[in-house]
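Could you put together the complete structure from these sequences and hints?
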Amino acid sequence: MVEMTEDIVVIGGGAAGLAAAIRAKETGAKRVLVLDRNGELGGILPQCIHTGFGLHYFKENLTGPEYISRFVDRAGSLDVEFKLDTMVLRLKPEREVVAANSRDGLFTIRGKSVVLAMGCRERTRGALGIPGTRPAGIFTAGTAQRLMDVEGFMPGKRVVVLGSGDVGLIMARRFAVEGAKVEAVIEMLPYAGGLPRNIIQCLEDFGIPLLLSHTITAVHGAERVSGVSVANVDEKGSPISGTERTIPCDTLILSVGLIPENELSEEAGIILDPTTGGPVVDQRMETSVRGIFACGNAVHVHDLVDHVTETGMTAGWSAARFALDELEPLKNRIRLRPGPGVRYVVPQIISGDEPVTVYLRVRNPVRNAMIRAGNIAVPVRAARPAETVTVDFTEKRVEELSGEAELEIGLEEIEHID
Amino acid sequence: MKADVVVVGAGIVGSTIARELSKYEVDVAVVEKEADVAFGSPTKANTGVIHPGFDDPPGTVRAEHCSRGNALWHDIAREVAAPFEEVGSLVVALEDEEVEVLEELKRRGHANGVPDLEIVDDDDRLHRMEPHLNMGAVSALLAPTAAITSPYELAIAMMENAVRNGVRIYFETEVTGITVRQGRVTGIQTTRGEIEAQFVINAAGLWADRISGMVGLSQFMIHPRKGEYYILDKKAGDLVRHVIFPTPSPISKGIVVTPTVEGNTLIGPNAQDIDDREDMTTTHSGLAEVWAGACKLIPSIADKKNMIITNFCGLRPEPDTKDFIVGGSQTVRGFINAAGMRSPGLTAAPSVALRVVDILVKSGVELKRKLAFDPRRKPIDKPVKRSDLSFAQSLISQDPDYGHVVCRCEHVTKGEILEAIRRGATTLDGVKFRTRAGMGRCQGGFCGPHLLKLMSEELAIPAQDITKRGRGSRVLLGRAKELLRGGDSNGRDD
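Chains as they are written, first to last, in this note's numbering: chain A, 1 to 418; chain B, 1 to 494.
Wrong hints could be hidden among the right ones.
Computed spacing ranges between beta-carbons, pair by pair [what the hints assert, rightly or not]:
(1) B:124 with A:108: 37 to 45 angstroms
(2) A:246 with B:216: 55 to 63 angstroms
(3) A:108 with B:125: 36 to 44 angstroms
(4) A:266 with B:115: 37 to 45 angstroms
(5) A:269 with B:389: 16 to 24 angstroms
(6) A:234 with B:299: 24 to 32 angstroms
(7) A:237 with B:460: 44 to 52 angstroms
(8) B:299 with A:237: 35 to 43 angstroms
With a straight-line Cα cutoff of 30 angstroms, these simulated DSSO-like cross-link-like pairs (lysine-lysine) come out [to be verified]:
(9) B:235 with A:92
(10) B:305 with B:385
(11) B:322 with B:234
(12) B:385 with A:83
(13) A:157 with B:453
(14) B:23 with B:362
(15) A:181 with B:234
(16) A:92 with B:305
(17) B:378 with B:362
(18) B:296 with B:322
(19) B:378 with B:23
(20) A:112 with B:235
(21) A:181 with B:481
(22) B:235 with A:236
(23) A:92 with B:234
(24) A:92 with A:30
(25) B:370 with A:157
(26) B:235 with B:385
(27) A:331 with A:396
(28) A:83 with A:112
(29) B:368 with B:2
(30) A:396 with A:59
(31) A:92 with A:331
(32) B:106 with A:83
(33) A:112 with B:370
(34) B:453 with A:83
(35) B:385 with A:92
(36) B:234 with A:83
(37) B:296 with A:236
(38) B:305 with A:236
(39) B:370 with B:2
(40) B:322 with B:106
Hints were generated in silico from the structure; no laboratory data involved.
Source: prediction; values computed, not measured.
A virtual CB, placed ideally from N, CA and C, is assigned to each residue, including glycine.
Now the structure itself:
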């Protein structure tokens, strides 16, 4: 068996992994190897041909391929090494990676540090448990996007989209632009999941109905999808009897949530956060296993790729310092806990003695609220569960931390923000 | 076209009969209305349990073939390299009054020749055997000979071996009539032409009464009995080690919790009599019943809702005669039924196949052993999944495709997929059943587009013509931009 050693092994060559590899090189790591199961770099971005990427990071409005190509080029110029069409099969806590490809066969690589950047996968119809038949014509939004925008095929012509997350909204528009009839976007919650700009640009501009507080109760069609039953739901999300009706269609697109890919992390014994589904990380993106770092959607599902890149940069810096034996353990470890109104906080552990940016997600849509963490209070004008809220623990704010081992971050609605 | 024997149906029963007949110098043709082996519901959506044989009362046809079938499969499954694990089963009594039923099952088992049955009433031992079992379990009937298999892989393996030994198979070929002259079968008509044959074996599963009706015999009717299932992610862990049955009801062995040969947990089926043989819909209420049934046996399943990979349903071919219909016809010579084979049909298949051979011999067919018969089937190599380093390294160096993992969840390589296509898979489900590509937690989200591309290249057909499981189940409905050009949606480039 081929055995290799590297300074840093990055699992996944999408936005997070490329950022980590680039920053690791910039920080002084000599050998950085990126493994990716696809035949091309970039993760999901090469198939995201719409714009909206890079507004924060580059202050430019780029398409997915444009955004990621900048990182692919940069990584290439820094002599980051790549193995594509390479599947990582196992990860051991001693930072040993077992992978396979057609050139090297089944092989092991030891990294001085390892960066987990596997991204996330889509929830499926089976995970939702939608009853009915099992015909052809049911796709997750990302798979439909790949089929259409990379492979050049039409997965369907008369489409219903379940879930109003961004990927679902964007695919509704893509189908419409391609001349397909998009019958409806169905959302179980009383509000849309995606970014407001996408509701306008993807649905309203194309006259696609958005059915809020609705769900799909059955799939019809023996061979190909022939329709779906939809019904109104109550506050608990249960279908209300008597409201069921059938929408004829040949295709059902599912945009019902993303799940961080962490089979490898679990295998390595890395502690996961049950809410995010990703590893618990500290502010350097180090996981519970020394020398294994994580970033991007493998940690938690981000709304913006710009943030994914930021976490990748942090993980890459930390991984390089660790590989160079220059990463001192954090002096303090303050555990951040989600408080009232907050679903989760990442990173889950901060030191409290240097500035850090914290990402959090709210439980319900709020207007005019105060985020409180110990003595710190940060106002937010509006926040919705679909968007991450960033809270900068600036130097000044960090000084106000009292040094407790735990810090609850909660949300409090207020009259108005001055 | 001519054949000595036509087998109608390529489910587990038809495949096993075909494979048994392939041991002899006899010309066998199998006709199947679906696009592949095991595409019919009773084989495809089957619990995959090889039953020990204590369920049916002595004297029934089912009892006769079940325990013998169990014994036969142990060797046959190895010969054809199909997954098979003798995990044993436990029928669990949760109430004191159910203990009596266990005693009765044990008596039946003895009468049916089931070996090593034992009632386990030592709580500690029972819970050591099954740590997640309901703490209220009173006792359980242990049957060490119960086994698990993958029903579709087993059927595919049997048919592959049959074909290797000379059997011909015709897919998407539906029988439309059977010719009977002077009380003797002379051939069949199909949607793809006629086959002259002196013998027709009816292994048509859900449609067996229709086939029987074609020769004017209507001594039985088949009623579909629906059963729904959930399959859980391997990550849910080893919830059970044995096949766990509740104490049976008069119509069903009940909702089972069983490990699969791949390490998933399978729960189901419920039992609901329906009218429509094509009703393959799972229902909200049925799935709820399955979930509740499983939680009753293994309470910790209640926390595993997020581990559900998918749900599906199967139809059992329930005969109104309440027993298997196995035998030649007195009035229509040459017509042989292997029908009504609901559970334990999978288990009984090899025993029924031997009976069919007997019937043919008694009907005057001279069955000469085929000297060239090769009982062994080479399985599709799974080097990455097996993680056998030296084996993987040598295979990948010979054929690099065996190093390229295409299915992320089940670690299926491009080499395996191409081999499955070469062995006859023409549909996505055909590839899936042979390799497991698309059966994991992402349900083909990652490998689906790759599979379409590989199949299109290997089969030399446009990707738009690839179906999920034959007929109208096309996966793609055309090329991008086609609708904008006013394309007629036949899916081809101009």
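| Is the Cα-Cα distance between residue 331 of chain A and residue 396 of chain A 30 angstroms or less? | Holds, at about 19 angstroms.
| Are residue 378 of chain B and residue 23 of chain B close enough, with their CA atoms no more than 30 angstroms apart? | Status holds; Cα separation ~17 angstroms.
| said: Against the 30 angstroms threshold, does the CA-CA distance of residue 92 of chain A and residue 305 of chain B hold or violate the hint? | reply: Distance ~28 angstroms between residue 92 of chain A and residue 305 of chain B Cα, so the pair holds.
| message | With the threshold set at 30 angstroms, check whether the alpha-carbon distance from residue 453 of chain B to residue 83 of chain A stays at or below it. | response | holds (22 angstroms)
| query | Are the Cα positions of residue 368 of chain B and residue 2 of chain B separated by 30 angstroms at most? | reply | The hint holds at about 19 angstroms.
| Holds or violated: residue 23 of chain B to residue 362 of chain B, with C-alpha atoms at most 30 angstroms apart | Status holds; Cα separation ~17 angstroms.
| said: Hinted pair, alpha-carbon criterion (30 angstroms max): residue 83 of chain A, residue 112 of chain A. Please report holds or violated. | reply: holds (18 angstroms)
| field | Holds or violated: residue 112 of chain A to residue 235 of chain B, with C-alpha atoms at most 30 angstroms apart | value | holds (28 angstroms)
| said: Between the alpha carbons of residue 234 of chain B and residue 83 of chain A, is the straight-line distance 30 angstroms or under? | reply: Satisfied, since the Cα-Cα distance of roughly 28 angstroms is no more than 30 angstroms.
| request: Indicate whether the distance between the beta carbons of residue 266 of chain A and residue 115 of chain B respects the range 37 to 45 angstroms. | output: Cβ of residue 266 of chain A to Cβ of residue 115 of chain B: about 41 angstroms, so the range 37 to 45 angstroms holds.
| message | Checking one constraint from the list: CA of residue 305 of chain B to CA of residue 385 of chain B, max 30 angstroms. Satisfied? | response | Since the Cα atoms of residue 305 of chain B and residue 385 of chain B sit roughly 27 angstroms apart, the hinted pair holds (cutoff 30 angstroms).
| said: A range of 55 to 63 angstroms was offered for this pair. Does it hold for the Cβ distance of residue 246 of chain A and residue 216 of chain B? | reply: violated (41 angstroms)
The structure is inconsistent with the numbered hints 2, 8, 11, 15, 17, 25, 32, 33, although it conforms to all the rest.
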